[in-house]
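Listed below, chain by chain, are the residues.
There are 4 protein chains.
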Amino acid sequence: MSLLKLKKEVHKANIRLYQSGLVTSTFGNASGIDRERSLVAIKPSGVPYKKLMPGDIVLVDLDGNKIEGNLNPSSDTKTHLELYKAFADIGGVAHTHSTYATAWAQAVKAIPCLGTTHADFFYGEIPCTGIIEDSCILKDYEFETGRLIVDTFRSIDYHYMKAVLVACHGPFSWGDNAEEAVKISIALEEIAKTALYSIIINPSLKNIKKNLLDKHYLRKHGKGAYYGQKKISYYPRHKN
Amino acid sequence: MSLLKLKKEVHKANIRLYQSGLVTSTFGNASGIDRERSLVAIKPSGVPYKKLMPGDIVLVDLDGNKIEGNLNPSSDTKTHLELYKAFADIGGVAHTHSTYATAWAQAVKAIPCLGTTHADFFYGEIPCTGIIEDSCILKDYEFETGRLIVDTFRSIDYHYMKAVLVACHGPFSWGDNAEEAVKISIALEEIAKTALYSIIINPSLKNIKKNLLDKHYLRKHGKGAYYGQKKISYYPRHKN
Amino acid sequence: MSLLKLKKEVHKANIRLYQSGLVTSTFGNASGIDRERSLVAIKPSGVPYKKLMPGDIVLVDLDGNKIEGNLNPSSDTKTHLELYKAFADIGGVAHTHSTYATAWAQAVKAIPCLGTTHADFFYGEIPCTGIIEDSCILKDYEFETGRLIVDTFRSIDYHYMKAVLVACHGPFSWGDNAEEAVKISIALEEIAKTALYSIIINPSLKNIKKNLLDKHYLRKHGKGAYYGQKKISYYPRHKN
Amino acid sequence: MSLLKLKKEVHKANIRLYQSGLVTSTFGNASGIDRERSLVAIKPSGVPYKKLMPGDIVLVDLDGNKIEGNLNPSSDTKTHLELYKAFADIGGVAHTHSTYATAWAQAVKAIPCLGTTHADFFYGEIPCTGIIEDSCILKDYEFETGRLIVDTFRSIDYHYMKAVLVACHGPFSWGDNAEEAVKISIALEEIAKTALYSIIINPSLKNIKKNLLDKHYLRKHGKGAYYGQKKISYYPRHKN
Chain A
443 MSLLKLKKEV HKANIRLYQS GLVTSTFGNA SGIDRERSLV AIKPSGVPYK
493 KLMPGDIVLV DLDGNKIEGN LNPSSDTKTH LELYKAFADI GGVAHTHSTY
543 ATAWAQAVKA IPCLGTTHAD FFYGEIPCTG IIEDSCILKD YEFETGRLIV
593 DTFRSIDYHY MKAVLVACHG PFSWGDNAEE AVKISIALEE IAKTALYSII
643 INPSLKNIKK NLLDKHYLRK HGKGAYYGQK KISYYPRHKN
Chain B
443 MSLLKLKKEV HKANIRLYQS GLVTSTFGNA SGIDRERSLV AIKPSGVPYK
493 KLMPGDIVLV DLDGNKIEGN LNPSSDTKTH LELYKAFADI GGVAHTHSTY
543 ATAWAQAVKA IPCLGTTHAD FFYGEIPCTG IIEDSCILKD YEFETGRLIV
593 DTFRSIDYHY MKAVLVACHG PFSWGDNAEE AVKISIALEE IAKTALYSII
643 INPSLKNIKK NLLDKHYLRK HGKGAYYGQK KISYYPRHKN
Chain C
443 MSLLKLKKEV HKANIRLYQS GLVTSTFGNA SGIDRERSLV AIKPSGVPYK
493 KLMPGDIVLV DLDGNKIEGN LNPSSDTKTH LELYKAFADI GGVAHTHSTY
543 ATAWAQAVKA IPCLGTTHAD FFYGEIPCTG IIEDSCILKD YEFETGRLIV
593 DTFRSIDYHY MKAVLVACHG PFSWGDNAEE AVKISIALEE IAKTALYSII
643 INPSLKNIKK NLLDKHYLRK HGKGAYYGQK KISYYPRHKN
Chain D
443 MSLLKLKKEV HKANIRLYQS GLVTSTFGNA SGIDRERSLV AIKPSGVPYK
493 KLMPGDIVLV DLDGNKIEGN LNPSSDTKTH LELYKAFADI GGVAHTHSTY
543 ATAWAQAVKA IPCLGTTHAD FFYGEIPCTG IIEDSCILKD YEFETGRLIV
593 DTFRSIDYHY MKAVLVACHG PFSWGDNAEE AVKISIALEE IAKTALYSII
643 INPSLKNIKK NLLDKHYLRK HGKGAYYGQK KISYYPRHKN
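Chains as they are written, first to last, in the numbering used here: chain A, 443 to 682; chain B, 443 to 682; chain C, 443 to 682; chain D, 443 to 682.
Any given hint might turn out to be false.
Identical copies carry no separate label here, and so any pair may be met within one copy or between two of them.
To be verified - Pairs of lysine-lysine residues, derived as BS3-like cross-links and limited to a Cα-Cα distance of at most 30 Å, are as follows:
1. 651 / 551
2. 651 / 665
3. 581 / 648
4. 447 / 581
For the record, the hints were derived by calculation from the structure and aren't laboratory data.
Next comes chain A alone, as it looks inside the complex:
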């Protein structure tokens, strides 16, 4: 894929993020990676979505050096880069401050898996990181935010859990490319909303049982997947 195509895809994913209503002010960004060239295309920092053009997308290397673009890359760039480095085969990352996912992140609570909508997208409860250490805030904050996420996933397979809540902050998601990462963000927001209303109705709710989780996740994402029109070949290996 040419870098121009990557920039266009990342632009499109950012616009979709905006149009989905997940973005508060200018908070939110999507990126994509060219794994061969080890270059990441990402939204510039603080640019209103309405004015965002494909040519505004910034290219950086995995050390965060700007390779192409007139604008500064997103202030969250280093977080994205840590995810690309640690999660070897993801192709896109998205970050939002969407209302309901952020409410769970602010509450410092994982989103329990309360139903099949959740299980169709995420293999288990959506983890929330711990609160970032003071030393990490004072050092290299955005880099450390990335480390915190990676740390949270030591015992979770990022292939089957494509989102995380950063405590007191908001959600990050990822996928095969920027478009999938944005799609996961949208699903996450809806699931976060439904989970909130569910626990209002019944505060004692727990995760659904393993068999139901497996059934829904695997009929979409497992070896013998029969949801949709195409077969998907990998099989989840949940580490828990």
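Chains B, C and D: place on chain A using the hints.
Using the frame of chain A, we list chains B, C and D on its own:
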């Protein structure tokens, strides 16, 4: 009615489902039946609503064999079929993961009948199934989901209660045709939302009294119905 | 005012009700009265708003006899008529099942006056009727609903409290004409919503103090009103 | 800047306020000041936003005397003027009755700083005034509302906290100009909403820790700001 007409109707009902905002991602489907030919027209699995054309609607027989169509039918097809088999005179079925109805389903709680909006559509509280047995998940999940619903209606007349919440999953609804099933889905979502806010304000609420329920349900659906512009002739026989 | 003009006004008010998002399904109706001729123009029963034309508006006398129109008048007509009879100088009535006002009605709770938005429109807490008696449901339900409202206003001046919640049902509002009644419905819904969120944050809230209520209500509606561009001359006489 | 330009800017800010969905009925207004001429441009009172033209914007001096315009200025004008007098270098003020911010104001609760979205805009919890004294209501209410806000900011630097909740009323915000004040209103509403949902999920939440607050606020607004495309030069001096 020709099968072409049925497919068009089912297509239209699915589009209406989508436009009503009840659908999360590609979750949601409506179907209709041709009782003479025993053929069911249903949305294909995992196809985005924006791209859905009347020609994409799949025809299956009551055993789930595909009779016409290039795409796979909805992964929920077997659940629809069980409803058509058990509820002898329904003509359409709809399924969504709409936010508020799903919140009640995830909370594993029937929606109490708290007011006349509810009573205008549903004759009593909207039941929630039990949680599906592990053995049923492992056997033929979508078929067993249908069985679970039918089982829940052993003592409820499906003519006067045209919706159900499947525990940890979401709502199904039905009616004379796909259009009515979708209309019920829309009313259900609004009623689920209002019920949620009602119990926040007053957690001790119970079902409204029988006379008020009867009055509202029957003035619309009873023998001497005087709501709207046309008389409706049947009379509810609630089994409870 | 000609009856044609009245019908057009009532049509327009019904359309505004619909466009404001307050209407669930076909639930909701606005009416207006010609006091000289003692004729009421009201929405026909069960007609979808999208298809409603000015010529569909039905004219009835104060006894509920249809004077003009091809369709049946709203099933709530008798309730409207009771309000016109008891509240001698109102010119319009509106009824909705709007989400948040209905949630308070279903909770059988008056909406406390928690802030100045409320005080700008309503002089004190918005009353909720008692639950209608079984005998009244069985007699002439819609007429008795009107009586229940009038009864609730024995000690409340309807000039300064232009809305009521009917327990287990939903709100009615009124004003100088159908347009004002609809405007009050819209304000009521927003106030009901904000009140709900307020009591979630702080469950021990009470009505704001009398002086603040007086200040806001009277600067808009009192003798020396200085809000807006025109002086309003009457002075509220709250009976409590 | 010419007065004509100021009026156009204030008109535009009011229209943006309306389009952002923050305005209930005609409640909401934005103003801007010409510091050289000591003249304030403000929305006229009670005029529907849809009909508001740039020529309708009213000019008043800091004593509240109308200098230009055919309509009465907003009934909240005196509150705006007190803010301009006390907060020496602000250029715009906005006031709304937006749902969630108003819910916190009605609950008479400051909005705790629960996450980075909040910290990106506001340096600490968003204060709520005390309930206005009866004597102040009876004297010169809108002037006293301004005094109450100024009083609340005795120990808070208005440069780093650009919004306040007036108890039992609603939010005011300010900034370099009317446009920024409106932008703050919009962010405030989103933050108020997310905070509400956060405390529903976890009622024991407290403000995020100082280092995280500092990090986010200062990376956008501090001396060495690196968010966005332009450096901002001042440094917050929080008085607490």
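Intra/inter-copy verdict for residue 651 and residue 551 if alpha-carbon distance must be at most 30 Å: Both. Shortest intra-copy (19 Å) and inter-copy (17 Å) distances satisfy the 30 Å Cα cut-off.
Homomeric proximity label, residue 651 with residue 665: Cα distance no greater than 30 Å: Classified as within: same-chain Cα gap 21 Å, cross-chain 45 Å, threshold 30 Å.
Homo-oligomer pair classification [residue 581, residue 447; C-alpha up to 30 Å]: Answer is neither; intra-copy 35 Å and inter-copy 45 Å both fail.
Status of residue 648 relative to residue 581 across identical chains (alpha carbons, at most 30 Å): between (37 Å within a copy, 24 Å between copies)
When the structure is compared with the earlier hints, a violation turns up for hint 4 alone.
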